[in-house]
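Participant: So the sequences go chain by chain: A and B. Going by the numbering used here, the first residue of the first sequence is number 4, and it counts up by one from there. Going by the numbering used here, the first residue of the second sequence is number 25, and it counts up by one from there.
Hints are computed from structural coordinates only; laboratory data are not their basis. Mixed in with the good hints there might be a few duds.
No more than 30 Å apart at the CA atoms, straight line, and that leaves these computed lysine-lysine pairs for DSS-like [unchecked claim]:
{"no.": "1", "chain 1": "B", "residue 1": "Lys281", "chain 2": "A", "residue 2": "Lys95"}
{"no.": "2", "chain 1": "B", "residue 1": "Lys279", "chain 2": "B", "residue 2": "Lys232"}
{"no.": "3", "chain 1": "B", "residue 1": "Lys58", "chain 2": "A", "residue 2": "Lys92"}
{"no.": "4", "chain 1": "A", "residue 1": "Lys92", "chain 2": "B", "residue 2": "Lys191"}
{"no.": "5", "chain 1": "A", "residue 1": "Lys68", "chain 2": "B", "residue 2": "Lys346"}
{"no.": "6", "chain 1": "A", "residue 1": "Lys69", "chain 2": "B", "residue 2": "Lys310"}
{"no.": "7", "chain 1": "B", "residue 1": "Lys60", "chain 2": "B", "residue 2": "Lys91"}
{"no.": "8", "chain 1": "A", "residue 1": "Lys197", "chain 2": "A", "residue 2": "Lys134"}
{"no.": "9", "chain 1": "B", "residue 1": "Lys296", "chain 2": "A", "residue 2": "Lys95"}
{"no.": "10", "chain 1": "A", "residue 1": "Lys69", "chain 2": "B", "residue 2": "Lys91"}
{"no.": "11", "chain 1": "A", "residue 1": "Lys197", "chain 2": "B", "residue 2": "Lys310"}
{"no.": "12", "chain 1": "B", "residue 1": "Lys310", "chain 2": "B", "residue 2": "Lys278"}
{"no.": "13", "chain 1": "A", "residue 1": "Lys92", "chain 2": "B", "residue 2": "Lys60"}
{"no.": "14", "chain 1": "A", "residue 1": "Lys92", "chain 2": "B", "residue 2": "Lys310"}
{"no.": "15", "chain 1": "B", "residue 1": "Lys279", "chain 2": "A", "residue 2": "Lys92"}
{"no.": "16", "chain 1": "A", "residue 1": "Lys69", "chain 2": "B", "residue 2": "Lys232"}
{"no.": "17", "chain 1": "B", "residue 1": "Lys60", "chain 2": "A", "residue 2": "Lys68"}
{"no.": "18", "chain 1": "A", "residue 1": "Lys95", "chain 2": "B", "residue 2": "Lys49"}
{"no.": "19", "chain 1": "B", "residue 1": "Lys91", "chain 2": "A", "residue 2": "Lys95"}
{"no.": "20", "chain 1": "A", "residue 1": "Lys95", "chain 2": "A", "residue 2": "Lys131"}
{"no.": "21", "chain 1": "A", "residue 1": "Lys92", "chain 2": "B", "residue 2": "Lys91"}
{"no.": "22", "chain 1": "A", "residue 1": "Lys209", "chain 2": "A", "residue 2": "Lys186"}
{"no.": "23", "chain 1": "B", "residue 1": "Lys296", "chain 2": "A", "residue 2": "Lys69"}
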Amino acid sequence: MSVCTKIIRVLLLLVLALIVNVVFFFALPVLNTLFFDRTEKEKTELLDVTEVEINVREKKQQTEKKTLRMIVQPNTFRTTRSTGAERAKGFKMDLSLAHGEAGDGVGVSLGAAENVVYEAGEVDEQAKVLKEVNPVYPERAKKAGIAGTVKVLMVIDVYGNVSSVEVLSVNPPGYGFETEAVKAVQSWKFEPAKLGSFPVAQKATKEFRFVR
Amino acid sequence: MFAKRIFLLILLVVVSVFAEDNFAKANALYDEGKFKEAVPYYRAAIDDGRYEPFAWFNLGNALVQLKRPSVAVVAYRRAVELLPDFTRAWILLGDLYYIGGDIGMAIASYGRAIELGEDSDHLHYALAECYLRGNDYTNAERHYERTLYLNPDRMDAWYGLADVYEKLGDYENAILTLEKALQFTATAGADVHFTLSHFYQEMDSTKKALHAMENGLLMMPENVSARRYLAQMYLKSGEPWMALFTLEEGLRHKKGKADLFVDIGQIYFSQKRYDEAFENYLSAWKLGASQGRLGAENVGHVWYNAGEEAKADSLYRRIREKR
């Protein structure tokens, strides 16, 4: 009897152990799977944890290294000042007034500018003599008792001065009549010719007769 | 009959006096700087006829003063139509064409003035400028030389002549020209030395270029831009100590100190001499230069990045407090 009781107790203990094992290692996981499946949630939680870890790491990197900034310090200096644009800035015009009198920058040209010197008939008012100097009778002609004539062409500028003289004819030549005539004419003074009420240069001819 | 003649004579005298009045009044207004008020009087004088070419000329002047060059050209043209020998009108006509960029017409107008016997430095200078713009270097050179013969004090003509040689790639003659300018012209200033430096740089003569810049700075020691430029030249030629010396010399003058402090800070920073760099940057920041603050912060960042957070914090605090 006692042996039989012992065997039954052992068997009961084995059965009990089997039941406990089945409950803990089989029934509970099955029940959990069937009624309380939490895998997704656990995964999400796990991800969250991972993200947090990453974020923390990134923030740590930013605070660790500070970026140096570029210093901008331009200098507009140029070594050369000889550019045309620079010089053009300093270009000055002479804007002083003209007063319609000598010194107004009215020149008298010859030759190249044909329209500069007017013929006697082209002006409104002819040049008028203000100062007239007679030529000297050439000494050689005087001694020889020779008379003569000289015809000269002169240009009277806008200031009334004789700017050029040209001998047109001399008769008889060789006695110095033309030299004396030119010398005299060069010291003449005129009131300049007028065209449209302003002074212009004019051509004029003059004949000198050297008479004994 | 006699009475009629007397009446005509009186009328002529009255008209004549009135004409002179318009012209004289316009001139008086012009001399007072009342250019706009002078214009109608010049027009009246033109209508009167007595001083017509001169009235056109003066009207042109008034229009130039009133910044109406295109109308002034018409006035000057009318003046030279009426009085073909009006040299000054030809010159001003040329001036306006030159300023307006009509080089061909400018040369023609100035050429006419030369035909009329004008031989002024202004005329030759303006012609030289026209030829230079038209890439006629031979004529430009000729007229610049004539200008300088007539007036060696014209620094613009010296520069123009040097410009001709530079355009021809003849730096030796360009340098020679400016050296002559220094010799003959009282008005030659520091800019001549700076331009010489430019020519030497073009010829790869670094030492001479540096020397010319130094000469310029001796004449104009307060020129901060030139000083900074010279410092950069020293840096490029591998002489940072000379660059520092040049910049620190500039601190003795009042102008542009903030810029100089920043430049000095930059050099020290590049040499990893952070304490000196910081002090210079901070000085610039104290004078109000934002770049000085950036530089000082950069020094702080360097210490921070090296793990010296306490030192960096103390620098940041000094930047905040500007002390």
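Participant: Does each hint hold? Answer for all of them.
Facilitator: Verification of the supplied hints:
{"no.": "1", "hint": "Lys281(B) <-> Lys95(A)", "in the structure": "36 Å, violated"}
{"no.": "2", "hint": "Lys279(B) <-> Lys232(B)", "in the structure": "27 Å, holds"}
{"no.": "3", "hint": "Lys58(B) <-> Lys92(A)", "in the structure": "25 Å, holds"}
{"no.": "4", "hint": "Lys92(A) <-> Lys191(B)", "in the structure": "20 Å, holds"}
{"no.": "5", "hint": "Lys68(A) <-> Lys346(B)", "in the structure": "24 Å, holds"}
{"no.": "6", "hint": "Lys69(A) <-> Lys310(B)", "in the structure": "23 Å, holds"}
{"no.": "7", "hint": "Lys60(B) <-> Lys91(B)", "in the structure": "11 Å, holds"}
{"no.": "8", "hint": "Lys197(A) <-> Lys134(A)", "in the structure": "18 Å, holds"}
{"no.": "9", "hint": "Lys296(B) <-> Lys95(A)", "in the structure": "53 Å, violated"}
{"no.": "10", "hint": "Lys69(A) <-> Lys91(B)", "in the structure": "57 Å, violated"}
{"no.": "11", "hint": "Lys197(A) <-> Lys310(B)", "in the structure": "76 Å, violated"}
{"no.": "12", "hint": "Lys310(B) <-> Lys278(B)", "in the structure": "15 Å, holds"}
{"no.": "13", "hint": "Lys92(A) <-> Lys60(B)", "in the structure": "25 Å, holds"}
{"no.": "14", "hint": "Lys92(A) <-> Lys310(B)", "in the structure": "38 Å, violated"}
{"no.": "15", "hint": "Lys279(B) <-> Lys92(A)", "in the structure": "26 Å, holds"}
{"no.": "16", "hint": "Lys69(A) <-> Lys232(B)", "in the structure": "43 Å, violated"}
{"no.": "17", "hint": "Lys60(B) <-> Lys68(A)", "in the structure": "69 Å, violated"}
{"no.": "18", "hint": "Lys95(A) <-> Lys49(B)", "in the structure": "26 Å, holds"}
{"no.": "19", "hint": "Lys91(B) <-> Lys95(A)", "in the structure": "14 Å, holds"}
{"no.": "20", "hint": "Lys95(A) <-> Lys131(A)", "in the structure": "39 Å, violated"}
{"no.": "21", "hint": "Lys92(A) <-> Lys91(B)", "in the structure": "15 Å, holds"}
{"no.": "22", "hint": "Lys209(A) <-> Lys186(A)", "in the structure": "13 Å, holds"}
{"no.": "23", "hint": "Lys296(B) <-> Lys69(A)", "in the structure": "17 Å, holds"}
Taken one by one, the earlier hints fail for this structure at numbers 1, 9, 10, 11, 14, 16, 17 and 20, listed in ascending order.
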